[in-house]
Amino acid sequence: MDTLLKTHNKLEFLHPLHGLSEKVSNWNSSKQELRCSLRKSYRTGRVKARSSALLELVPETKKENLEFELPLYDSSKGLVVDLAVVGGGPAGLAVAQQVSEAGLSVCSIDPSPKLIWPNNYGVWVDEFEAMDLLDCLDTTWSGAVVFIDEHSKKDLDRPYGRVNRKQLKSKMLQKCISNGVKFHQAKVNNVIHEEDKSLLVCSDGVTIQATVVLDATGFSRCLVQYDKPYNPGYQVAYGILAEVEEHPFDVDKMVFMDWRDSHLKNSPQLKERNSKIPTFLYAMPFSSNRIFLEETSLVARPGLPMKDIQERMVARLKHLGIKVKSIEEDEHCVIPMGGPLPVLPQRVVGIGGTAGMVHPSTGYMVARTLAAAPIVANAIVQYLGSGRSLSGNELSAEVWKDLWPIQRRRQREFFCFGMSILLKLDLNATRRLEIMGKGTIPLVKMINNLIQDRD
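At position 435 of the sequence shown (counting the first as 1) the number is 434 in numbering that gives the first Met the number 0, and the numbers step up by one without a gap.
Calculated from the structure, these hints are not laboratory results. Predicted model only: the values in this text are computed from it and were never measured. Worth double-checking, as some hints may not be accurate.
Computed list of lysine-lysine pairs in BS3-like fashion (alpha-carbon distance at most 30 Å, straight line) [unchecked claim]:
id, residue 1, residue 2
1, 153, 322
2, 61, 264
3, 252, 186
4, 306, 62
5, 61, 400
6, 152, 196
7, 306, 170
8, 186, 227
9, 165, 324
10, 152, 170
11, 252, 270
12, 165, 62
13, 61, 152
14, 165, 252
15, 76, 170
16, 270, 423
17, 174, 61
DEER-style ranges, computed between Cβ atoms [stated by the list, open to error]:
id, residue 1, residue 2, range
18, 230, 194, 52 to 62 Å
19, 275, 149, 16 to 26 Å
20, 191, 68, 29 to 39 Å
21, 275, 247, 21 to 31 Å
Even glycine gets a Cβ: it sits at the ideal position worked out from N, Cα and C.
With the sequences and hints as input, model every part of the structure.
This is how it looks when you write it as structure tokens:
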């Protein structure tokens, strides 16, 4: 799914989960060579396996870098760049690309700027079409399907696609390079603000001076400040990209959600746990024998243990007759959802997870943050080139105002309310809302709002 945070295989949730943000930040400090915005442990390497031994598979870790010669930031010149972007994920590169297109100087800071993102992104095709990114989809489906139970389903007549992460990053890097963006390979340890500029102190001892600083580091929240307790819900998922003998799904449609639980009828304990906090299957069938399968808990507080989700997946695959021959990739995903917005305004500007932009009711983020990149970029360009004598604090305040206007904040509050409803729903309540279309916030309406949402 649109997953954002990969974790260690051995992740154990704290109970209650208040400490996860600190645990995640500590993990990120040691793993920023993977990606400054937190994501998931990403393991690849085709491993032969019996379906009964699915959870024993440990594919080899594989990190792939793009073959690019990046123009490097020259610290010896002591220049003040217009924008320093901390974090080289999709949102950060999108803003760097668009600000540099306007002729402003940009430095992108990331510990692994050429590393291919480990994310397994799925998006609605029209969202990427609107951003001229259709060439960054490697597979598309004519629509999607939601299985409510064994007897009813809902067809979503909206094409869906899987993002080619290598192509997406290559395209963004190429545009950044042609626009004159400079790159610096390091982590940012600290930022010191002066009246009209900020000093970013990097892990290699280099200090980069910038008029505007953008934190695009995801849930690590490296620089953006929060002043309220952080107690979000958590979307947790375990997924595999696998070669199988066969599967029962239509290759022309992806499975958006499969809430069926007949696979648990012979496992009373699993069935009871699933009835209280349900999980669904998300599936991308690429062919009759190659498929991405992900068992997902939509949202829970505290998050479901990964082991529980893996056990449910094994039972589901066995029931569906899906025999895994080999696994190319597996992923352990945790997405913090909801929670407070950062302090508004503040000197450092944010985008993506660090700015509270994950959809609180669905976990959706990639297309939303890419769509928000022009808002941030245009605001930076507008206020830097306005001729007005703005202090650093005043300029950042204007950008934050454009990113989180009152209407968008109210919309987010509504989605957070939707998440609070989802946290209370067991499996039967979820199905009743789907089938009957009644209740405070029917899930069927939430799905419809989701697939119509263009923000």
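Quick rundown of the hints versus the structure:
Proximity of residue 153 to residue 322 is assessed by CA-CA distance (about 26 Å); at most 30 Å being required, the pair is judged to hold. A distance of roughly 38 Å separates the Cα atoms of residue 61 and residue 264; the hinted pair therefore is violated under the 30 Å criterion. Distance restraint check for residue 252 and residue 186: the Cα-Cα separation of roughly 41 Å exceeds the 30 Å cut-off, and the hinted pair is therefore not satisfied. About 25 Å separates the Cα atoms of residue 306 and residue 62, which keeps this hinted pair within 30 Å; it holds.
Restraint check for residue 61 and residue 400: the C-alpha separation of about 41 Å exceeds 30 Å, so the hint is violated. With a C-alpha separation of about 55 Å, the suggested pair residue 152 and residue 196 falls outside the 30 Å cut-off, and the hint is violated. Simply put, residue 306 and residue 170 have alpha-carbon atoms about 37 Å apart, too far for the 30 Å limit, and the pair is violated. About 26 Å separates the Cα atoms of residue 186 and residue 227, which keeps this hinted pair within 30 Å; it holds.
A C-alpha spacing of about 26 Å is found between residue 165 and residue 324, which places the hinted pair at or below 30 Å, so the restraint holds. For the suggested pair residue 152 and residue 170, the alpha carbons sit about 38 Å apart, so the restraint of at most 30 Å is broken. Note on residue 252 and residue 270: the hinted pairing holds, with a Cα-Cα distance of about 27 Å set against a maximum of 30 Å. A C-alpha spacing of about 12 Å is found between residue 165 and residue 62, which places the hinted pair at or below 30 Å, so the restraint holds.
Only pairs whose Cα atoms come within 30 Å are accepted, and residue 61 paired with residue 152 is rejected, the gap being roughly 38 Å. Distance check on the hinted pair: residue 165 and residue 252 sit about 24 Å apart at the alpha-carbon level, within 30 Å; holds. Taking the CA atoms of residue 76 and residue 170, the gap is about 29 Å. The hint holds against a cut of 30 Å. Of the supplied pair hints, the one linking residue 270 and residue 423 holds, its CA atoms being roughly 18 Å apart against a limit of 30 Å.
Note on residue 174 and residue 61: the hinted pairing holds, with a Cα-Cα distance of about 26 Å set against a maximum of 30 Å. Between residue 230 and residue 194 the CB atoms are about 36 Å apart, so this pair departs from the stated range of 52 to 62 Å. The hinted window of 16 to 26 Å between residue 275 and residue 149 holds, with their beta carbons roughly 19 Å apart. The hinted window of 29 to 39 Å between residue 191 and residue 68 holds, with their beta carbons roughly 31 Å apart.
Here the CB-CB span from residue 275 to residue 247 is close to 27 Å, well matched to the stated 21 to 31 Å.
Comparing the model with each earlier hint shows violations of hints 2, 3, 5, 6, 7, 10, 13 and 18; every other hint is respected.
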